[in-house]
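The whole structure should be built from the sequences, with the hints applied where relevant.
Protein chains in written order, with the numbering used here: chain X, 9 to 397; chain Z, 9 to 397.
Hints are computed from structural coordinates only; laboratory data are not their basis. Wrong hints could be hidden among the right ones.
Same chains, same label: a pair holds when it works inside one copy or across any pair of copies.
[To be verified] No farther apart than 27 Å at their CA atoms in a straight line, the calculated lysine-lysine pairs in the DSSO-like style are these:
#1 K173 <-> K338
#2 K10 <-> K234
#3 K20 <-> K10
#4 K351 <-> K234
#5 K338 <-> K234
2 protein chains.
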Amino acid sequence: MKTSFIYNIPTKVYFGDMLQYLGREIKQYGHHILLIYDGDYIKSNGLYQYVIEELDANHLEWIEFRKVRPNPRHTDVNEAIQLCRTHHMDAILAIGGGSVIDSAKVIAACCAYDGDCWDIVSGKVDFDHTLPVIAISTISATGSEMDNAAVITHETYHEKNVLAKTSMYPVVTFLNPALTYTVSPYQTACGVADILAHVLEEYFTPIQGLYMIDTIMEGLMRTIFKYGPIAFKYPTDYEARANIMWASSWAINGFVSFDRPHAWSMHPLGHQLSAYYDMTHGLSLAVIMPRWLRHIQDEKSLPLFRSLGVHVLMLDESLSDLEMADEVIKAIEDLLYHQLELKSNLTELHISSEHFEDMANKLCAEHGYHDGFRPLYKDDILSIYQQCL
Amino acid sequence: MKTSFIYNIPTKVYFGDMLQYLGREIKQYGHHILLIYDGDYIKSNGLYQYVIEELDANHLEWIEFRKVRPNPRHTDVNEAIQLCRTHHMDAILAIGGGSVIDSAKVIAACCAYDGDCWDIVSGKVDFDHTLPVIAISTISATGSEMDNAAVITHETYHEKNVLAKTSMYPVVTFLNPALTYTVSPYQTACGVADILAHVLEEYFTPIQGLYMIDTIMEGLMRTIFKYGPIAFKYPTDYEARANIMWASSWAINGFVSFDRPHAWSMHPLGHQLSAYYDMTHGLSLAVIMPRWLRHIQDEKSLPLFRSLGVHVLMLDESLSDLEMADEVIKAIEDLLYHQLELKSNLTELHISSEHFEDMANKLCAEHGYHDGFRPLYKDDILSIYQQCL
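Next up, the structure:
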């Protein structure tokens with residue numbers, strides 16, 4: 009197949025201690041700013057104060073919105089949109105992690121629409137105009153700081169939908185690894201699991217890609233395996249935080265996926281767990297990842313396991329295909345459950361099989377199966393969830 | 009050291025058979041286009057005709073400039089600038105390789121300046137306004153299609169200068185690997201040498217970088233080692249051409265260098281050869297590369313040789329540091345001189361030591377040495393050149 013794609017990642021990134029550029033960047037986009045964040049930690053670490061002084065010094069006017077929850081809800085987004093419309097906002101400044109930046113993107117995308125944002129998030133209504141989003145990332149995980157997608161939850165429907173469009177890339181993003189020093193070991197671990205999952209979703213792809221991009225993904229995974237545990241154990245290790253932070257952005261900004269139109273395998277399975285149990289996104293992926301990898305071993309995936317084993321984990325090339333796949337999965341389990349100390353099953357998380365049937369039905373609702381690296385039928389999905397217990 | 013940098017690569021890339029988007033992209037930037045190219049090969053392969061039809065279909069007006077030589081001359085650029093100024097051009101469409109795209113960038117950067125472009129290229133005069141450049145790349149080599157730099161030669165002074173600024177990134181670039189099918193094996197080989205040199209210049213860096221970026225560079229080199237010889241031997245192998253083409257752009261677009269302010273080691277040595285002997289850029293680098301690598305073996309470079317050997321060439325980890333460096337250099341020689349069949353020394357190219365003294369003096373003129381991975385004093389430079397004979 010002749011690979012073709014459009015590459016278009018316009019986000020400008022200030023990496024390091026660079027917030028002195030914040031005001032002059034925002035000013036390019038207007039003077040009325042919606043400032044969105046989700047907690048007091050940005051006040052206790054001085055970030056909030058610094059940002060406010062930058063805004064003041066640049067004569068920018070802002071109003072605040074801070075009702076953002078993990079797995080952000082469409083009702084909160086609707087509220088922020090009203091605020092934006094009433095006050096004629098020019099741009100949105102998001103300070104936080106994936107939940108805050110995702111919320112900002114959906115607010116920006118839906119601001120010109122006079123209705124429920126779920127109409128747009130669910131794909132019923134299209135959108136043209138998007139407000140510019142400037143992001144200050146405070147955690148390495150979702151990659152939302154440099155990608156064009158946002159995930160929003162509808163509480164009543166137990167649905168988690170993805171909205172994505174080129175115009176949704178943040179225009180400017182500030183990544184200061186030192187701002188992630190205070191991220192807890194648990195949240196750090198969940199973030200690392202999320203980043204690894206992003207790479208694996210594209211690595212195990214049904215559509216042939218470019219060898220060059222495979223090597224990039226292997227490099228990102230080497231980085232995650234090397235620095236994930238260091239960031240977990242030594243929260244103020246700049247080198248580890250910096251490597252994880254930049255890997256987080258490049259795992260999902262579009263470079264390694266180059267618009268191959270394929271569905272992801274693990275994320276939707278994880279989204280169901282989050283939607284039913286409000287489970288941390290990265291943790292849900294950490295639980296599913298090894299089970300899904302065991303499930304997909306076949307002649308199409310074994311060469312990928314081999315390349316991953318040799319180039320990421322430096323495993324012995326003389327291993328058989330099945331041994332190699334097994335060693336790769338064991339190494340991932342070791343990373344997630346031992347080095348990063350994440351819970352390894354749903355039982356420990358007090359989750360039973362109660363909703364598995366509903367979740368599997370939802371995943372199969374559209375096509376009769378869940379598409380991804382390979383189709384997962386209802387029985388496949390139930391089996392993967394069962395193995396997570 | 010706490011890594012910090014600004015990442016800002018705004019070029020939009022259409023990769024594959026995508027020229028149907030050309031007209032609508034150009035139209036965004038204006039209606040009067042300077043079309044710049046350098047040879048009849050774009051007429052014989054149908055590309056020229058296709059582009060003209062696209063321009064016509066989109067009601068764009070253009071004038072042509074085709075006086076571009078390898079190692080492009082500032083006098084030709086001055087001529088094109090006059091044309092641009094007289095006809096009030098809105099944008100420049102460059103079809104070709106590095107020489108054409110570099111020329112286009114300098115024309116774009118100097119168009120508002122009413123004087124010799126060499127004033128700007130030599131750094132005597134600054135510039136603000138840059139015309140947008142749209143590029144159609146026809147060869148994988150310099151990476152000019154996605155970077156912010158241009159190299160221009162002053163014939164009389166025997167000088168080759170680099171002009172670089174963020175505003176010089178092409179706004180849109182079309183990369184169709186199939187357009188490189190007709191690139192000769194020799195030019196393909198020179199291009200591969202150039203791409204490898206770009207990565208090595210950043211890999212052997214005096215300033216500590218990010219492990220993640222090292223892994224990316226190792227991935228790019230794996231790609232070059234794997235697909236360079238295939239593209240050389242099987243010119244119409246899409247997969248090989250595609251991998252080399254995308255690697256070419258990413259080797260030098262700024263991603264792996266993230267504005268570390270260090271001077272390059274090999275390129276300036278090669279530029280002197282080109283300036284004095286009008287030698288093909290990639291060939292000059294191919295001759296210098298192994299000699300320079302032998303010259304820089306020390307406690308700072310040996311760990312880099314080791315990582316390159318293990319992760320790019322899959323060499324045996326049990327080799328000693330010096331053995332590893334030696335094997336790496338031998339592998340590079342094998343790639344360049346055997347697999348890609350490039351000439352391995354200057355004598356074969358009928359170049360004697362006549363100008364070495366002048367060239368070394370030029371390289372040391374500014375600081376008393378040539379800076380790079382480590383300072384090269386006049387004796388170092390003469391020794392490297394001598395070994396190239």
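Results of checking the hints against the structure:
Taking the closest pair of Cα atoms, K173 and K338 never come within 27 Å of each other, the shortest separation being 36 Å inside a single copy and 47 Å across copies. Taking the shortest Cα distances, K10 and K234 sit within 27 Å of each other only across copies (18 Å), while inside one copy they are farther apart (34 Å). Only between protomers do K20 and K10 lie at most 27 Å apart by alpha-carbon distance; the minimum there is 19 Å, versus 30 Å within a single protomer. Taking the shortest alpha-carbon separations for K351 and K234, only the intra-copy value of 20 Å comes in at or below 27 Å, while the best inter-copy value is 41 Å.
Taking the shortest alpha-carbon separations for K338 and K234, only the intra-copy value of 16 Å comes in at or below 27 Å, while the best inter-copy value is 30 Å.
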